[in-house]
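S.K.: Now for the letters of each chain:
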Amino acid sequence: MGFEEMTTTSKTQIGHFFEDFRVGQEIPHATPRTLTEGDVSLYIALYGSRFAINSSLEFARALGLPNAPADDALVFHLVLGKTVPDISLNAIANLGYASGRFGVPLYPGDTLSAASRVLGLRQNKDAKTGVVYVRSIGRNQRGEMVLDYCRWVMVRKRDPAAPAPEPLVPEFPEAVAGSELSVPPLLDLRGYDRTLAGSPYLWEDYEVGERIDHVDGLTIEEADHMLATRLYQNTARVHFNQHAEKDGRFGRRIVYGGHIISLARSLSFNGLGNAFKLVAINGGRHVAPSFAGDTIYAWSEVLDKTTLPGHEDVGVLRIRTVATKDRPGHDFPFKDAEGRYDPAVVLDFDYQVLIPRRGDA
Amino acid sequence: MGFEEMTTTSKTQIGHFFEDFRVGQEIPHATPRTLTEGDVSLYIALYGSRFAINSSLEFARALGLPNAPADDALVFHLVLGKTVPDISLNAIANLGYASGRFGVPLYPGDTLSAASRVLGLRQNKDAKTGVVYVRSIGRNQRGEMVLDYCRWVMVRKRDPAAPAPEPLVPEFPEAVAGSELSVPPLLDLRGYDRTLAGSPYLWEDYEVGERIDHVDGLTIEEADHMLATRLYQNTARVHFNQHAEKDGRFGRRIVYGGHIISLARSLSFNGLGNAFKLVAINGGRHVAPSFAGDTIYAWSEVLDKTTLPGHEDVGVLRIRTVATKDRPGHDFPFKDAEGRYDPAVVLDFDYQVLIPRRGDA
Amino acid sequence: MGFEEMTTTSKTQIGHFFEDFRVGQEIPHATPRTLTEGDVSLYIALYGSRFAINSSLEFARALGLPNAPADDALVFHLVLGKTVPDISLNAIANLGYASGRFGVPLYPGDTLSAASRVLGLRQNKDAKTGVVYVRSIGRNQRGEMVLDYCRWVMVRKRDPAAPAPEPLVPEFPEAVAGSELSVPPLLDLRGYDRTLAGSPYLWEDYEVGERIDHVDGLTIEEADHMLATRLYQNTARVHFNQHAEKDGRFGRRIVYGGHIISLARSLSFNGLGNAFKLVAINGGRHVAPSFAGDTIYAWSEVLDKTTLPGHEDVGVLRIRTVATKDRPGHDFPFKDAEGRYDPAVVLDFDYQVLIPRRGDA
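Residue numbers (this note's numbering), protein chains in the order written: chain A, 5 to 365; chain B, 5 to 365; chain C, 5 to 365.
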């Protein structure tokens with residue numbers, strides 16, 4: 005909508021600056037993307053994910069689905085990647101996520117598109133930057149919602165003298181309400197095979213407050229995180245350009261924060277193996293940057309357990325997964341008495357998952 | 005045709021030498037290759053390409069195509085890869101390309117085969133090497149031409165005493181003529197959506213002589229370029245074997261030149277986002293080798309603008325894209341007054357692209 | 005079957021220890037896996053494999069098959085990967101393979117599952133470890149055998165005081181008998197095109213005792229071997245966690261032994277280009293570990309030549325392929341007079357392949 009002209013030099017897009025955004029602005033994002041089996045294979049190769057529903061057509065069919073759906077974190081990355089050129093190319097920091105809901109599953113052959121709306125703006129006191137709050141929605145080729153989430157980023161101003169907008173900071177719920185959670189329509193967990201899934205533990209086996217060390221660690225390579233981030237068509241420069249980053253804040257390329265989410269989710273299989281589907285992202289924070297050479301560990305805490313009316317076969321766990329670097333999670337590193345994160349923590353991710361119920365009623 | 009016997013030790017193929025080639029010789033290449041969605045995903049992961057026509061089945065269908073076609077550069081690499089064991093295994097240098105024309109699009113499920121004809125030969129003065137000129141044609145499973153291009157390489161002689169062939173140096177046109185350009189038969193650009201494509205600029209918006217800095221840089225990793233080059237089943241040894249290359253000319257593995265073409269093409273999206281299809285390769289030169297750790301930048305110049313009779317909806321741009329390493333392109337580094345390339349230049353690529361016309365007639 | 009409870013801390017699986025295994029125990033493995041075209045593309049990108057039957061739908065159809073089957077080594081890795089969480093998570097060493105038979109081909113869209121049976125157990129004298137012998141079978145979604153092989157691994161005891169089981173060491177044949185080899189039912193080699201396949205040599209051209217240097221070398225990167233091993237959903241920790249391995253036996257991540265098998269198989273194309281299908285694994289030994297930075301070379305010896313009753317168009321070669329690191333294979337490094345392996349040898353792999361016969365009878 006004439007938005008582009010402001011933010012190009014000759015024909016090159018250099019991204020939007022804080023003063024380019026308006027509350028209420030609708031931004032359709034470029035590059036629709038057909039999910040393919042190639043994406044699914046690459047996702048497994050990048051993270052070693054073992055959730056059977058994403059790995060096996062037959063397992064998914066036994067649950068009533070037409071095909072193995074894409075891993076929910078892959079969907080998240082594809083949607084976020086589309087928003088980058090319009091929202092966060094000039095972002096200094098990806099501050100947080102909230103109100104994330106997964107809708108219909110995305111299957112190979114489906115095409116994902118995304119659009120965002122500006123929910124809020126708040127200029128920082130230094131007048132050089134501001135926080136942009138957006139709600140981004142990814143839809144399939146039938147217009148069905150696949151993912152709907154909010155995030156906020158700190159964005160540079162092009163001109164520090166540009167007037168500050170009226171501040172508007174949206175309020176987000178602490179957690180997505182159960183009534184807003186979406187269970188895939190055809191899903192029938194009577195065919196769920198725990199032996200094939202690789203974990204004996206169901207909804208009834210988890211207790212609020214329970215902590216689980218996911219034990220394993222995965223070391224990040226430059227090639228890994230760049231392959232992943234390019235797969236998502238995420239163009240944020242800090243991930244790719246060592247020539248520029250050598251003079252940047254950290255002297256090196258920064259790993260896309262979502263790469264850590266996927267590493268943590270994949271590690272969480274060991275202990276949460278039947279938590280087969282993300283349904284909500286309550287909140288998330290990239291506490292510290294990660295770099296190639298870091299080894300990522302993760303642990304989780306069960307924050308809440310709920311059921312869904314009309315769904316006897318499935319329950320919901322609210323989980324906090326904390327990822328650390330170069331520090332195993334056996335003693336659950338998190339925050340100190342003053343609320344400061346342990347220096348090893350890189351991710352604090354609060355989300356909701358579906359998990360089968362024992363159904364021994 | 006009995007060509008192999010000359011150039012094997014026991015059963016191992018060690019490639020052909022300059023004196024093995026004859027003008028007019030026809031060389032069918034091995035390893036037919038079915039393009040799959042896996043190749044397409046890997047291509048995106050390797051280069052972060054964002055041209056919507058290659059990324060979205062729905063976008064391609066809206067243009068009348070049956071599916072999202074493979075990126076033209078991927079097709080180029082697959083054809084070139086097939087020629088390597090027969091043409092350039094003993095090549096010292098990949099000297100140039102000319103007269104390249106893309107034919108029918110290659111879709112997932114199509115199978116590509118390739119064959120070459122020797123167009124010319126010229127022994128060098130040192131009598132140790134010579135230049136081999138070949139025309140290589142890639143075809144799909146129906147025998148339809150997918151890519152037809154010429155290249156020339158400098159190849160070692162096995163025996164310096166072998167007699168020199170009659171020199172024959174083919175002449176190539178400066179650019180492929182408009183009458184030889186192929187527009188995909190079903191293509192109808194009335195459904196072209198610039199918002200989804202990610203760029204507002206059409207054929208009318210570009211001027212001859214205009215230069216565009218593509219801004220971003222991508223750092224090459226050893227794993228990246230080797231994954232790419234193996235995907236193309238390109239067996240040229242200098243790309244893969246550090247144990248041998250540590251004692252070679254550069255002390256390290258050399259990045260496949262085509263990898264730089266794809267990086268530059270992907271970077272060029274920022275400024276040429278609607279240049280959705282390569283139709284010709286007029287010429288190309290790998291000016292200097294690239295290595296892991298190099299950061300590739302690119303800039304482009306519009307060399308010419310033409311229309312195609314009978315195609316009101318699409319125009320042609322002739323583009324020169326120059327890739328540099330560890331040097332941004334904002335001041336368009338190219339050649340000095342004596343015609344010597346700037347030391348940062350690694351690729352000088354002259355090609356033609358289709359781009360939608362405004363159709364405001 | 006209640007096996008898991010013994011070997012978890014809270015909900016985390018930490019793998020089985022020597023005293024957890026019982027002779028005759030049946031262990032179904034988790035994570036069924038649908039093979040996709042994405043896996044096939046990644047396999048090519050990881051190893052540069054050029055066997056036409058795995059690369060081209062059309063080539064495979066010309067041989068009577070419905071599609072291009074997965075590379076047999078890929079099938080091997082997928083089956084082995086499934087066994088790791090149950091069998092070898094606490095393994096110190098992967099000691100050997102025997103009695104491996106490939107059954108029906110695995111095609112894109114097929115779903116692979118695996119189960120193992122404990123064949124034998126023998127505690128070591130140190131009472132801290134023991135050897136576990138298992139037979140693992142991979143099946144497709146119709147329950148048809150895809151791969152059936154035996155391997156043995158050295159596994160730690162949880163408690164050195166746990167009583168030693170009655171020792172039982174299974175005997176394996178030196179080589180899989182011809183009567184047990186499986187030729188794909190629809191295979192008809194009359195359509196086999198040697199030019200497309202890339203090698204002129206057929207069964208008749210090989211002699212027992214013949215040695216072939218495969219010439220080329222491939223350097224391993226950390227990102228490569230981790231991508232591969234995660235693709236196979238193989239969770240063995242030593243491959244992925246530099247933070248832990250820096251204090252381990254070698255100070256670094258160890259490359260999955262199967263990665264070396266695939267590198268060697270891919271290199272063997274140069275000299276064994278028509279050996280299009282593995283039908284048996286007679287034996288295999290990972291002689292020494294490999295690490296990122298190593299360059300792998302390979303050479304092969306023809307150990308035996310046999311025919312198959314009722315199959316006039318195909319013969320069998322028994323091959324030993326030896327992989328070395330940082331040492332070319334032109335002088336066939338293997339064992340010294342005392343039977344000790346050359347220090348460069350990393351793999352000694354004894355297997356059987358199908359190769360077309362000339363059929364000039």
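There could be a bad hint or two in this list.
When chains are identical, the list treats them as one kind, so a pair holds in a single copy or across two.
Straight-line Cα separation of at most 20 Å, SDA-like style, residue types lysine to any residue; simulated pairs [as the list claims (entries may be wrong)]:
1. LYS250 / PHE295
2. LYS250 / ASP330
3. LYS250 / GLY107
4. LYS250 / ALA348
If you are wondering where the hints come from, they were derived from the structure by calculation, not from laboratory data.
Keep in mind that this is a model prediction, so the values were computed, not measured.
S.K.: Hints first: check each against the structure and report whether it holds.
M.R.: Do the hints match the structure? See the list:
1. With identical chains, the CA atoms of LYS250 and PHE295 are at most 20 Å apart both within one copy (13 Å) and between copies (17 Å).
2. Only between protomers do LYS250 and ASP330 lie at most 20 Å apart by alpha-carbon distance; the minimum there is 11 Å, versus 22 Å within a single protomer.
3. Taking CA atoms no more than 20 Å apart as the test, LYS250 paired with GLY107 passes in neither setting, with 40 Å inside one copy and 43 Å between copies.
4. Proximity of LYS250 to ALA348 under the C-alpha cut-off of 20 Å is restricted to the inter-copy arrangement: shortest distance 18 Å between copies versus 23 Å within a copy.
In summary, the one numbered hint that this structure violates is 3.
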